[in-house]
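Trainee: In the order they appear, the protein sequences are chains X and S. Counting in my numbering, the first sequence runs from 1 upward without gaps. Counting in my numbering, the second sequence runs from 1 upward without gaps.
A few of these clues could be false.
Claimed, not checked - Not close to chain X: a few residues of chain S, all C-beta gaps over 12 Å, as computed: (1) Met1; (2) Ile5; (3) Tyr32; (4) Thr34; (5) Arg41; (6) Arg44; (7) Ile45; (8) Ala49; (9) Arg56; (10) Asn69; (11) Ile77; (12) Glu78; (13) Ser80.
Stated by the list, open to error - Listed next, the in silico DSSO-like pairs over lysine-lysine satisfying Cα-Cα at most 30 Å (straight line): (14) X:Lys39 to X:Lys171; (15) X:Lys39 to X:Lys109; (16) S:Lys61 to X:Lys35; (17) X:Lys109 to S:Lys53; (18) S:Lys61 to X:Lys74; (19) S:Lys12 to X:Lys159; (20) X:Lys171 to X:Lys113; (21) X:Lys40 to X:Lys74; (22) S:Lys12 to S:Lys61; (23) X:Lys109 to X:Lys171; (24) X:Lys218 to X:Lys159; (25) X:Lys159 to X:Lys39.
Source of the hints: derived by calculation from the structure; they are not laboratory data. Each residue gets a CB set at the ideal place from its N, CA and C atoms; glycine is no exception.
If you want the building blocks of each chain, they are given just below.
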Amino acid sequence: MRFGVVQFGGSNCDRDVVHVLSEVCGVDTDLIWYKERLKKHYDAVILPGGFSYGDYLRAGAIAARTPIMDDILKHSANGGLVLGICNGAQILAESGLVPGVFTMNAYPKFICKWVHLRVVTAASPFTAGYRTGDVIRLPIAHAEGRYVAPAETIASLNKEGRIAFRFCDEKGRVTEASNPNGATENITGVLSEQGNVLAMMPHPERASEDVLGSCDGKTIFDSMIHHIERKA
Amino acid sequence: MKFDITLTISLKEGMLNPEADAIQNAITNLGYATESLRTARLYRIRLDAPDKKAAREMAVKMCERLLANPVIHRYEIEVS
């Protein structure tokens, strides 16, 4: 089993993700400079957080149009797992791997804080280790994280069980007050049609060790590992 | 032939524009009453194309493939 973490110019959470995967979860993980493209078979590819291309044009827009994204599209078309975290989520939305867009927060400032999330579906390779309805605690750190999509897209995401996470309060109530960035229906984790791509704004790698204050995020990486093991 | 293209990319009608709201707030604080304030991004591009129609088609592709995000944006193109 091999994971790949793609590093663009301006990525800054890439090494955190590599650390969690290789040191905490114990899986072989390569850090891939985007110009090197995907040269090996990877079971899962992770697009980490950061500020690729300085967030010029729109967050994730330029990285989404680099040649390595053609490799990632092929990888996902073949059923490979793709997880986009924060800037990685913005890149996945810009590249069309998940619908919608993550755009400027309703109150236009950078927000960096711990939030609660409700696991909306446990029926995905990324969330199978949770139970539907679980409330988890992860940090967010973004200025452009407000999820927006046309009403018909939101309706089909709901219908098809493709919303992975919603912002909520500590009791799991999905309220306006618990929505830090103004995201449509508090959505902050979206799955692709086939369910093998997840774009999420919160940072699971920053909540994968006790010393960091929460291990809730590690379940996402563990779920991916179990999914790959079951398939093999 | 050389053509000068002006592309204006703005948020679709009804989209929340937090940047514009913040700017309008600052303008109001300076004592200017405004009914509305919207923002847009403008690109000036010079390029070679066989004719005006081809130049416009290139501009449309640039908008659709990179400069605008169809989920939230609309665009206007002027060619001269």
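Trainee: Each of the hints needs a verdict: does it hold here or not?
Mentor: Structure-based check of all given hints:
At roughly 28 Å, the least C-beta separation between Met1 (chain S) and chain X is larger than 12 Å, which holds for a residue marked as non-interface. For Ile5 (chain S), the requirement that its beta carbon stay farther than 12 Å from each beta carbon of chain X is met, with the minimum near 17 Å. The beta carbon of Tyr32 (chain S) sits about 20 Å from the closest Cβ of chain X, which is more than 12 Å, so the claim that it is off the interface holds. At the 12 Å boundary, the C-beta of Thr34 (chain S) stays outside the reach of chain X, the nearest C-beta of that chain being 18 Å off.
Distance check for Arg41 (chain S) against chain X: the nearest CB is about 9 Å away, which does not clear 12 Å, and the non-interface claim fails. With a least CB separation of 16 Å from chain X, Arg44 (chain S) remains clear of the 12 Å interface cut-off, as annotated. The non-interface label for Ile45 (chain S) is consistent with chain X: the shortest C-beta to C-beta separation is roughly 14 Å, beyond 12 Å. The claim that Ala49 (chain S) lies off the interface holds: its Cβ sits roughly 22 Å from the closest Cβ of chain X, which is beyond the 12 Å cut-off.
Distance to chain X confirms Arg56 (chain S) as a non-interface residue, since its nearest Cβ pair spans about 21 Å, more than 12 Å. The non-interface label for Asn69 (chain S) is inconsistent with chain X: the shortest C-beta to C-beta separation is roughly 6 Å, within 12 Å. Every CB of chain X is more than 12 Å from the CB of Ile77 (chain S) (nearest about 17 Å), matching its label as outside the interface. Against the 12 Å criterion, Glu78 (chain S) stays outside the reach of chain X, whose nearest CB is about 20 Å from its own CB.
Against chain X, the non-interface label of Ser80 (chain S) holds: every CB pair exceeds 12 Å, the least being about 24 Å. Simply put, Lys39 (chain X) and Lys171 (chain X) have alpha-carbon atoms about 45 Å apart, too far for the 30 Å limit, and the pair is violated. At most 30 Å may separate the alpha-carbon atoms for a hinted pair to count; Lys39 (chain X) and Lys109 (chain X) exceed this at roughly 38 Å. Distance restraint check for Lys61 (chain S) and Lys35 (chain X): the Cα-Cα separation of roughly 25 Å lies within the 30 Å cut-off, and the hinted pair is therefore satisfied.
For the proposed pair Lys109 (chain X) and Lys53 (chain S), the alpha carbon gap of about 41 Å is over 30 Å, so the pair is violated. About 23 Å separates the Cα atoms of Lys61 (chain S) and Lys74 (chain X), which keeps this hinted pair within 30 Å; it holds. As the CA atoms of Lys12 (chain S) and Lys159 (chain X) are separated by approximately 26 Å, the hinted pair is consistent with the 30 Å bound. In summary, the hint linking Lys171 (chain X) to Lys113 (chain X) is supported, as the alpha carbons are separated by about 18 Å, within the 30 Å threshold.
Pair hint Lys40 (chain X) plus Lys74 (chain X) holds up; C-alpha atoms about 13 Å apart against a cutoff of 30 Å. Taking the CA atoms of Lys12 (chain S) and Lys61 (chain S), the gap is about 18 Å. The hint holds against a cut of 30 Å. Our distance criterion of 30 Å between C-alpha atoms is met by Lys109 (chain X) and Lys171 (chain X), whose separation comes to about 26 Å. This hinted pair checks out: Lys218 (chain X) and Lys159 (chain X) have alpha carbons roughly 27 Å apart, not beyond 30 Å.
With a CA separation close to 37 Å, the supplied pair Lys159 (chain X) and Lys39 (chain X) exceeds the 30 Å bound.
Against the hints set out earlier in the document, violations occur for numbers 5, 10, 14, 15, 17, 25.
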